[in-house]
Amino acid sequence: MLDGKIPSGPIAQKWDNHKMDLKLVNPANKRKFTIIVVGTGLAGGSAAASLAELGYNVLNFCIQDSPRRAHSIAAQGGINAAKNYPNDGDSIHRLFYDTVKGGDYRAREANVYRLAQVSNNIIDQCVAQGVPFAREYGGYLDNRSFGGAQVSRTFYARGQTGQQLLLGAYSSLMRQVNTGKVKLFTRREMLDLVVVGGKARGIIVRNLVSGELERYSADAVVIATGGYGNVYYLSTNAKACNVTAAWRAYKKGAFFANPCFTQIHPTCIPVHGESQSKLTLMSESLRNDGRVWVPKAKDDKRKASEIPENERDYYLERKYPSFGNLVPRDVASRNSKEQCDLGKGVGETKLAVYLDFADAIKRVGENVIREKYGNLFQMYEKITASNPYKESMMIYPAIHYTMGGLWVDYNLMSNLEGLFVLGEANFSDHGANRLGASALMQGLADGYFVIPYTIGGYLAGTKFDKVDTENDAFKEAESQAGERAKKLLSVNGKRTVDSFHKELGLLLWDKCGMARNEKGLLEAKKRIPEIRAEFWENVKVTGNANELNQDLEKAGRVADFLEFAEVLVHDALIRTESCGGHFREESQTAENEAKRDDENFSHVSAWEFKGTEATPVLHKEPLVFENVKLTQRSYK
Amino acid sequence: MSTKKIDLTVKIWRQKNSNDKGRLETYTVKEVSTDSSFLEMLDLVNENLILEGKEPVAFDHDCREGICGMCGSVVNGEAHGPEAGTTLCQLHMRHFKNGETLVIEPWRAKAFPVLRDLVVDRSAFDRIISAGGYVSMNVGGAPDGNAIPVPKKTADLSMDAASCIGCGACVAACPNASAMLFVSAKVSQLALLPQGKAEGSARAKNMVEKMDEEGFGNCTNIGECEAACPKEINLTNIARLNREFFKSTLSE
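Protein chains in written order, with this note's numbering: chain A, 1 to 636; chain B, 1 to 252.
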């Protein structure tokens, strides 16, 4: 049984008590420690900056040409906090409760409570950094509503909240680069974790410009490399998002938790065709004013504007009167699929539903709508060549976020000592479904307000042997990474890397997407190793290892996705209940809602690597709920 | 969305590494969906090249939704191509005609050396931010977010400037390869807000000095930067930067 190391005591005091119990590293000693941070998104960037501010030496790595490009930048809608500025009944406890409920009771209570507690500090920190949040005319911060909550607690900067928060973290980070406390390594991809004496002590990276493999050692390693949504090929993730860093850590002994908890976002721009390379999200904030509907009649060929009011089915408002269009993402997505499955889908592919602003424009005027969502409407028009002020938007669900990730305890440390995992890369706070505007909150909570304390406790309480990059473990990891690149380049087959990636993605979307069943999962489980085998026999990767080679980069990532996908499907197969984003068709209520099985599945499933072709071993961390009552989630 | 397919001739800059001289090479690409993006068209060029056993064109890209600032090339002489206020990844092929020839080149600037094909090194931008593009505050000491009201108009102007994605199109479009629009966007964002005022003029001075040191050219008010900017960052930011810079010379 896995121990999450949750501090004892009443939930509201756990974090404060724990901070008192954690050992401190005195200021003069902090400069003796070196910490590797992989990733520069909200979690990695804020962690690297904060740790450097404390006096640690930080080595910070990112895959793009600049830390400012991390995919957090694409988050649109906002960030939650329990400020209760609108005086509408919010509190730390309510944010905690909404998040645990939103996650369908599959998150760790204590982590979520801490998240809600530090949420307010995040807003203060970001304002002080110069993040231009939206303001009301009196000059005070504005809020809006997001799914799964009946209060307005979401702070935002137009439709570019992620960008502004990330640029805030980036500015703090670059300030520390200027002081010399952070050494920044851009265009580097982590290819392996180096473990010495049972502790994470370094990484192997590929310099993406020169192709050289480089070794870096440290006293602790922090991974903040985001989620694995791109295993589905088409997702809202940036193209470079991948599972490699997390997967390499898994293969070195770190447990991978709840990989089947993937989030499918209800409001994305529908797929246009085969050449589509990624999907674009339309922020959930649009559901504040937009109304989701389909024609009442099947296979209605009329344009949206020609369908009169009484022939439209605003199905979310009809089915969920108390939350309406603002039901959580998993519920909204499943309902879109249901309507399309019923033959009521719209657009050329019939895989879309309408999101309509006509009423909102009538109510508040086009200018107000433009002010709130202008950039999103503009983006929609650019992609689809259709004007959403005049015509209904068309939307369809797409893979967006992954709740699963590397297992961590309350200190955000993996079972593998010295390895810390932050942000989307860990599994800890969102259970089986993340609420909108909570990813930004978690990334920054982990980086600004959790890791600075917990890593100190680890460093102060641990004896370290001197380890440098001449250690055999480094040599071995480097040589394996080199061999792998050589192998990829030597296959010289007939299919491109992308063709394998697309095949894998389509398989997962069909068999392990919005709805899953045993038959489909078994088929996928059989098929994935076959695709993987063909990949290693028939892939064509061009160029050399000792140069900038984007084809080789992609090949390495897809090779890891082809291994990881099998664990994802296995996890989905074993979890025979429905919960949050994981909808098992065998387990639903009479009203087709997700039906949990608390008796058998109120636990975290953490998987241990036993070999690429071997079944991983399951470790369970029981989830104990002392502060919320488990109920069947209802948004009616 | 009404889908059509078009055929194109593309002349793409190929350069093995920063020591190579580089040259334009010509390819044909057939059956490009008009609903696909410019980068999806390049994907198609690359799939074909790989299947022919040739090396694909290296180009930077990531979010493909116009916000990360990673992509960008000069298309027929225009940074990010012909559409105003649009990054290359958001430029759709419906804006091109069947049979058209496109010339695709990397950003050209002394401060942005070419690494390979269309990929350039923009780390000079990071170094400029590192020289002062921040509010000097540590985590932990921030007052309540509502402690200092900021007039809505000011916050909106600050947000306009903060929309900069750091793609470098302004530099590529400028005949002097100046980075003034980029620098002014960050200086303005922070100078407008009460939180950024305390070190406003030092920030302007340090960032401008770094900009000069990195080899960017001077601003001669041509305005190509504003025209090319995918986020439509306004030239008035440069005026604001000049004021902040001027203030820093007075306080010395």
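Heads up, a few of these hints could be off.
Quick look at which bits of chain A chain B covers, simulated, 3 or more residues with Cβ under 8 Å [to be verified]:
#, segment
1, 55-62
2, 122-130
3, 136-143
4, 171-181
5, 238-246
6, 277-286
7, 361-368
Hints in this document: simulated from the structure, not taken from any laboratory.
Note that the Cβ used here is the ideal one computed from N, Cα and C, for glycine as well.
Which of the numbered hints above does this structure break? 1 and 7
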